[in-house]
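Asks: All the letters of the sequence shown, read from the start, carry residue numbers 1 to 372 under UniProt numbering.
Check each hint, because a few of them may be wrong.
For lysine-lysine, the following PhoX-like pairs were computed, each having C-alpha atoms within a straight-line distance of at most 20 Å [to be verified]: (1) K14 <-> K350; (2) K149 <-> K313; (3) K274 <-> K245; (4) K37 <-> K313.
Everything labelled a hint here was simulated from the structure, so no lab data went into it.
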Amino acid sequence: TPEKQPDAWLYTAKYSFPPATRQSEASLILSALRTAKQRPEWSWVENHLPNLKFWEDVELTDDDKEDFPHERIKVFLDERCPDFGYEKRVLRILVQDRLEPLTSLCEEVHYAQVFCEVLQAHRWLYDRCRILHRDISMNNIMVRKVDGKIFGVLNDLDLASRVTQEMSATSKHRTGTRPFMAYELLDPKKSVPHLYRHDLESLFYVMLFLCCRYSLDGKPVPSSDPLPYDKWLTDSAENLFYLKKDLCNSHECFNPPVTPYFSGFSKILQDIRKIFFGANAARVNASLNETSFDPETVNGTITYEKFLAIVAKFGEQNFPIHYPQSDPQPDSLLDEFALEEEEIKEKMGKWLGEDSDFASSKPSGKGKAREA
């Protein structure tokens with residue numbers, strides 16, 4: 001426990017057991033925070049990322065103890081479930097500022113603001129840090145409240161990875177939270193790389209799930225009947241693949257069953273769904289005409305700019321645009337991040353003070369943000 005901590009700050013400790021091959025969440029967060037400090041026009045993004053204060057990796061192997069439980073688990077599963085592909089794990093400990101859940105918001109417009117902010121921070125990470133989140137879900141979109149203002153925060157980067165041309169996952173298993181995973185990633189017949197547009201699709205599912213099931217008290221609306229999209233919580237990956245594929249590609253008129261509390265999102269959801277419907281048409285046309293096909297954007301139909309144009313306005317409210325256009329950086333940038341890794345490792349096990357170039361600036365209520 002550090003001797004000196006800011007009196008007004010509250011912290012959250014996170015313990016996870018990811019595959020040892022997966023890049024540390026802490027290294028990605030710290031790299032992003034350092035990058036944000038490189039230019040004044042990027043400082044806004046610090047309000048929308050976790051404020052990491054401490055991290056440490058604890059190896060779960062001991063060369064002197066062959067009977068360590070971690071090793072027994074691997075031997076057991078390798079013998080009985082050889083196709084499972086059990087991966088060795090590491091205990092990762094993170095301490096960061098305490099954030100509030102998405103459902104802590106009490107006004108519809110605040111939800112719209114948070115979605116707009118997280119979309120921009122997510123794209124900035126992808127472009128400027130070559131980081132793809134890969135696990136957009138209701139639990140991973142959180143809220144920071146400072147001086148009466150709210151900020152949407154993209155949290156939990158433990159499934160995130162650096163973007164490479166191959167985009168092969170370092171872990172052997174599918175990444176994401178099943179109810180919000182893009183349907184292509186759930187396809188039982190083929191394996192596809194996790195692309196940027198899949199995270200956009202996950203954001204759509206988060207918005208749809210929230211707006212069709214929740215009230216403004218942070219709880220699902222009372223109902224004697226099953227709530228919309230209940231099956232997303234319980235069905236198999238294969239069933240979800242077909243359910244979501246039909247949702248995005250059906251020719252039937254899409255009228256999302258939003259609750260009265262989120263009626264302002266109805267057109268937003270319809271407009272986003274049109275993007276995915278158009279993408280399917282582009283995919284079919286490319287196949288029939290045997291023309292070139294860009295899987296990254298489905299021939300330009302699914303893009304950050306199209307999403308931003310939809311979520312940047314809510315009713316008469318126009319939200320601040322910090323990152324108006326995508327700007328992917330070259331692969332050579334990855335070499336710089338590789339050199340940075342060694343510096344980050346030196347910070348492991350140490351409390352990050354406010355003067356650290358890896359630490360986030362203390363979140364401020366100043367600037368363009370809405371009152372909580």
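Asks: Please go over all the hints and tell whether each is borne out by the structure.
Replies: The hints, checked one at a time:
| no. | hint | in the structure |
| --- | --- | --- |
| 1 | K14 <-> K350 | 16 Å, holds |
| 2 | K149 <-> K313 | 19 Å, holds |
| 3 | K274 <-> K245 | 13 Å, holds |
| 4 | K37 <-> K313 | 28 Å, violated |
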